[in-house]
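Student: Residue numbers (the UniProt record's numbering): 1 to 721.
Errors might be hidden in some of the hints.
In silico lysine-lysine, PhoX-like type, Cα no more than 20 Å apart, as pairs [said to hold, decoys possible]:
1) 645 x 635
2) 23 x 145
3) 278 x 291
4) 558 x 394
5) 509 x 394
6) 371 x 394
7) 73 x 110
8) 182 x 242
9) 278 x 290
10) 719 x 705
11) 362 x 23
12) 457 x 503
13) 609 x 558
14) 677 x 699
15) 581 x 609
16) 145 x 181
Label-pair restraints from in silico Cβ distances [what the hints assert, rightly or not]:
17) 287 x 657: 39 to 47 Å
18) 697 x 275: 53 to 61 Å
19) 328 x 132: 38 to 46 Å
20) 616 x 26: 41 to 49 Å
21) 364 x 657: 26 to 34 Å
22) 49 x 101: 48 to 56 Å
None of these hints come from the bench; they were simulated from the model. The beta-carbon is built from N, C-alpha and C at its ideal position, and this holds for glycine as well.
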Amino acid sequence: MYVQVVTIDGKKKTVLNVSKLTKIKDLKNDIEQEFGIKWAQQGLFFCGKHLEDDCTLYDYSININNVIQVMIKSKQEDLIIKNKGKEMRNDEPMVEKTKDEINVKCKYYKVGDAIDCTDNALGAWFEALILKIFTKFGKLMYKVKWDLPDSKDDEPFDVDATSIRPRAWRILNFNHLDVGKKVMVNYNLENSSEIGNWYDFTILKTNETFKELIGTVHIGDGTRSVENCTVNTKFDIYMIEKPVLLMERDDDFITSHIPTTRRKIPFKCSNCLDNPKKKCRECSCKICGKKNDPHLTLLCDECDDAYHMACLNPPLMDLPTNDDWYCPDCKVNANEIVKFGEKIIPKKKHSNVVGSNRDWGKGMACVGRTKICTIVPLSHRGPIPGIEVGTLWKFRVQVSEAGVHRPHVAGIHGRADDCAYSIVLSGGYEDDLDNGEEFLYTGSGGRDLSGNKRTAKQSCDQQLTLMNRALALNCNARVNVIEGAEAINWKAGLPIRVVRNFKLAKHSKYAPEDGNRYDGIYKVVKYWPEKGQSGFRVWRYLLRRDDPISAPWTKLGKIRIAQFGLEMIYPEGYQEAQEKKARSKRKFDDNVNSVSYVSTQKKQKTAFKVSNEITNLIIQDSSNAKLWSQCNDFKSQGKQAYFEKVSMEFSCIVCQDLVFKPVTTPCAHNICIACLKRSFEVNTYACPMCRTSLDKSYKMLVNEKLSSILLSMFPGYDKTR
Numbered sequence: 001m002y003v004q005v006v007t008i009d010g011k012k013k014t015v016l017n018v019s020k021l022t023k024i025k026d027l028k029n030d031i032e033q034e035f036g037i038k039w040a041q042q043g044l045f046f047c048g049k050h051l052e053d054d055c056t057l058y059d060y061s062i063n064i065n066n067v068i069q070v071m072i073k074s075k076q077e078d079l080i081i082k083n084k085g086k087e088m089r090n091d092e093p094m095v096e097k098t099k100d101e102i103n104v105k106c107k108y109y110k111v112g113d114a115i116d117c118t119d120n121a122l123g124a125w126f127e128a129l130i131l132k133i134f135t136k137f138g139k140l141m142y143k144v145k146w147d148l149p150d151s152k153d154d155e156p157f158d159v160d161a162t163s164i165r166p167r168a169w170r171i172l173n174f175n176h177l178d179v180g181k182k183v184m185v186n187y188n189l190e191n192s193s194e195i196g197n198w199y200d201f202t203i204l205k206t207n208e209t210f211k212e213l214i215g216t217v218h219i220g221d222g223t224r225s226v227e228n229c230t231v232n233t234k235f236d237i238y239m240i241e242k243p244v245l246l247m248e249r250d251d252d253f254i255t256s257h258i259p260t261t262r263r264k265i266p267f268k269c270s271n272c273l274d275n276p277k278k279k280c281r282e283c284s285c286k287i288c289g290k291k292n293d294p295h296l297t298l299l300c301d302e303c304d305d306a307y308h309m310a311c312l313n314p315p316l317m318d319l320p321t322n323d324d325w326y327c328p329d330c331k332v333n334a335n336e337i338v339k340f341g342e343k344i345i346p347k348k349k350h351s352n353v354v355g356s357n358r359d360w361g362k363g364m365a366c367v368g369r370t371k372i373c374t375i376v377p378l379s380h381r382g383p384i385p386g387i388e389v390g391t392l393w394k395f396r397v398q399v400s401e402a403g404v405h406r407p408h409v410a411g412i413h414g415r416a417d418d419c420a421y422s423i424v425l426s427g428g429y430e431d432d433l434d435n436g437e438e439f440l441y442t443g444s445g446g447r448d449l450s451g452n453k454r455t456a457k458q459s460c461d462q463q464l465t466l467m468n469r470a471l472a473l474n475c476n477a478r479v480n481v482i483e484g485a486e487a488i489n490w491k492a493g494l495p496i497r498v499v500r501n502f503k504l505a506k507h508s509k510y511a512p513e514d515g516n517r518y519d520g521i522y523k524v525v526k527y528w529p530e531k532g533q534s535g536f537r538v539w540r541y542l543l544r545r546d547d548p549i550s551a552p553w554t555k556l557g558k559i560r561i562a563q564f565g566l567e568m569i570y571p572e573g574y575q576e577a578q579e580k581k582a583r584s585k586r587k588f589d590d591n592v593n594s595v596s597y598v599s600t601q602k603k604q605k606t607a608f609k610v611s612n613e614i615t616n617l618i619i620q621d622s623s624n625a626k627l628w629s630q631c632n633d634f635k636s637q638g639k640q641a642y643f644e645k646v647s648m649e650f651s652c653i654v655c656q657d658l659v660f661k662p663v664t665t666p667c668a669h670n671i672c673i674a675c676l677k678r679s680f681e682v683n684t685y686a687c688p689m690c691r692t693s694l695d696k697s698y699k700m701l702v703n704e705k706l707s708s709i710l711l712s713m714f715p716g717y718d719k720t721r
C-alpha cells in the first residue's frame, strides 16, 4: 500500500510505501528522510484531522493513494517572541472613540409620538413609538421601540430620520385611488393571496371588477422594488402621512391622528395564531407548551426550539454562562468529541482475533475500495457497460471497483434467493479443471476459516446453500439439493461473469500471466455432488462459455485486445510508487539491470470509434455540445477512458450517479428529473449545480436524446433507479 505526502504549499511531494498499521510517528520518520523536515516540526493532516503520533493509518481510515498534508510548525523561539508581542499589544490602553449622546428637540417629532418605522431585515413598515431624540456624531437620531402586541420585552434601537414617518391613519377608498399615486398596502412577497407586511406601493393600474391594484412594491428605503405586483384591497389601503411641525399641532390634531386599531400583520406562529392563552409547542416551551416566563426560556442554537429552564431534566437553576446552548436532542456528548492533541476513539473490533496485533504488511491485500461502481446495481446480470472482454486489472480490489466481481476475497458473488452474478477462477480448489471454453468449478464452503484465515484445507462436506445454491440457480433446471441437475437448454441459463486470476496459471494455460482478467460470460451446464480429492463431498459445476466476443486466449481475441489497446490497469499512483521503490533498491545493487520495476511509459492506444447511431444522437443533442466535445478528446485513449469521461461529465450533482431521465436546464446542466422535483418540493427553485434561478412553473422536460445515448452506452443502469 502507498500514500501520497505533500507539503501545505504543494512544493514538495512524494509517495511512501506503508502498511495499514503504520504508526504516525513512524510515518514522520519516513517524511524526515524524504523532505528533511525534523520530526518535531511536522504536523500531519488528513481530511481536516490532525494525525496523532500514537495512532495508526487504519485508525484514520487512510486508504491507498490518499493524500496526507505536512505542515511545518514554527520554532518555539518564534512562538515566544510572537506571544510577547501580543502581550505588549494587549497592555496598550484602548482609546474610546465614541461620543456621548446629547438630548435635543426636533421640529417634527417629540418623545411618545406614534410613528411607522422600517425593519431593515424585511424592508416593511411597522408601528413604533419614539422614546428619545438625540444627536450622535452631529447627526439627529431617534431611539424607538416597536409598538406591537408581542414586543413588550423588545429592546429599543436607534434610527435616523429616513427610517421613520408619522403613523398612517387615513384609510383610502378604492374609488379615490389614481394611477401614479404612492400608498401603503399589505402584501405578501411569497404568496400574494395571504396576509403580509406593509410596504409602499406605486399604483400603475386599477382593476375595478376584482377591486385589485397592479403596480410596484417598494422595499425598505426604495432602492429595492418588485414590479407587476397584484394587490387585493381587502386589507385596507393607507395614505402615506407627511411630517407636521410641532407648532401646527393642537388637541384635535393629536386625537384624530392616532389610530384606535392596529394594522393586521402575519402571525408569527401558524399553529396557535399567536394566541397567548393557547398552549403551543411550536412557538413556546417544547415540553410544556406554556407561554409564561419568557425571561426563563432558553433557545437552542441548533434547532431554535424553546425550553423552560424548569422543564429541563434535570432543571437548570441558573442561566448558562456559555454563549451557545443546545437542547438535549441536539447536544453532542462531550466525551465523543476528540479535541486537538487527543487520541481518537478506538474502532470497535474483536481484540481476541488471531493476528490482530500483527502488522498487516505493506501489500494490497488489506486495501479498501476507493470508488464503487454505481452504473449497474449489485444484482446486475451479464456484462458491465464499458468493460471489454480481455480487460486486465493488477489487483482484485480493482475488479471490485469496476463492478465485474464485487467481493474482495470470496470467489462467488451472488444471492441464495436470486442467482450468482460473477465468479473468480484462482486455483484455490484442487478439484478445479480449466479447459478454456468450459471448466469444472468447485463450490465454496467445507473449510474452517475461523480466526483470521482466508483459506484452509477441506475439513467437512459442502452443502448446497448460500453461494453454492446461488450458482445452482443459474442452471436452466429445477434445483436439486441431493443429486444436482443438468440444464435442458444450457444457453437459456442465467449469465455469469468470469474472471481468471494469475494464480490459476499454475494449473491452467488459459490464465493470465499477471493480474485479473475478465473473460466474458459463461453459463452453468450442470452441477452435481461428488467426493473430492480431500475425501469430503464437494459440489462440482460445469460452466461453458456463451459470449459473442472471442476469448482473450484465441487468435481473434488477441487481435481484438490489440485493436482496443487493452493493457494492464494499475491503481492510481501505483506505477510511481513502484518506480520509486526500484530507485531505492538500485542504491544497494551495483547491477542496475537486475532490478525490475513497472515502467511508467504508456503505449499508444487505439482510438475508440463510437457507433453511427450514437454519433447521430450526439450531434442532435445540441444543448450538450460542449460536454460531448470534451468527451470526444478521450476517444484516443480507448473505450474505457472514453466511457469514464462520459459517466463523469453526465453525473447528477444531487445523487452523484449517472443522470437518469436527464433534464437539461437553461444553464446547460443535466439533473435527474426525480432529483430536480425533490428540489422543487422544498421550494428551491434554482439549478442545483450553479444556483441559476428557475421559474416556479418551470416545465421539466426529459432530454430524450441524451437519455437514449446513455442507455445505449450503459445498458441496464436504469435498473438501479
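Student: Could you run down the list of hints and mark each one as holding or not?
Tutor: Each hint, compared with the structure:
1. Only pairs whose Cα atoms come within 20 Å are accepted, and residue 645 paired with residue 635 is accepted, the gap being roughly 10 Å.
2. Taken as a hint, the residue 23 and residue 145 pair is broken in the structure, with Cα atoms around 63 Å apart against an allowance of 20 Å.
3. For the hint pairing residue 278 with residue 291, the CA-to-CA distance comes to about 8 Å; that is within 20 Å, so the pair holds.
4. Proximity of residue 558 to residue 394 is assessed by CA-CA distance (about 19 Å); at most 20 Å being required, the pair is judged to hold.
5. With a C-alpha separation of about 19 Å, the suggested pairing of residue 509 with residue 394 holds against the 20 Å cut-off.
6. About 16 Å separates the Cα atoms of residue 371 and residue 394, which keeps this hinted pair within 20 Å; it holds.
7. Our distance criterion of 20 Å between C-alpha atoms is broken by residue 73 and residue 110, whose separation comes to about 62 Å.
8. Taken as a hint, the residue 182 and residue 242 pair is honoured in the structure, with Cα atoms around 12 Å apart against an allowance of 20 Å.
9. Distance restraint check for residue 278 and residue 290: the Cα-Cα separation of roughly 8 Å lies within the 20 Å cut-off, and the hinted pair is therefore satisfied.
10. Of the supplied pair hints, the one linking residue 719 and residue 705 holds, its CA atoms being roughly 19 Å apart against a limit of 20 Å.
11. With a CA separation close to 13 Å, the supplied pair residue 362 and residue 23 stays within the 20 Å bound.
12. Between residue 457 and residue 503 the alpha-carbon distance is near 17 Å, which keeps this suggested pair within the 20 Å criterion.
13. Distance hint between residue 609 and residue 558 is fulfilled; the C-alpha atoms sit about 19 Å from each other, no more than 20 Å.
14. Proposed proximity of residue 677 and residue 699 is supported: the alpha carbons are some 11 Å apart, at most 20 Å.
15. Taken as a hint, the residue 581 and residue 609 pair is broken in the structure, with Cα atoms around 38 Å apart against an allowance of 20 Å.
16. For the hint linking residue 145 to residue 181, the alpha-carbon distance of about 30 Å lies beyond 20 Å, and the restraint is violated.
17. Distance hint check: the CB atoms of residue 287 and residue 657 are about 42 Å apart, consistent with the given range 39 to 47 Å.
18. A hinted range of 53 to 61 Å is violated for the C-beta pair residue 697 and residue 275, which are about 36 Å apart.
19. For residue 328 and residue 132, the Cβ-Cβ distance of about 42 Å falls inside the hinted range of 38 to 46 Å, so the restraint holds.
20. For residue 616 and residue 26, the Cβ-Cβ distance of about 59 Å falls outside the hinted range of 41 to 49 Å, so the restraint is violated.
21. For the pair residue 364 and residue 657, the beta carbons lie near 27 Å from each other, so the given range of 26 to 34 Å is met.
22. Checked against the hint of 48 to 56 Å, the pair residue 49 and residue 101 passes, with Cβ atoms roughly 50 Å apart.
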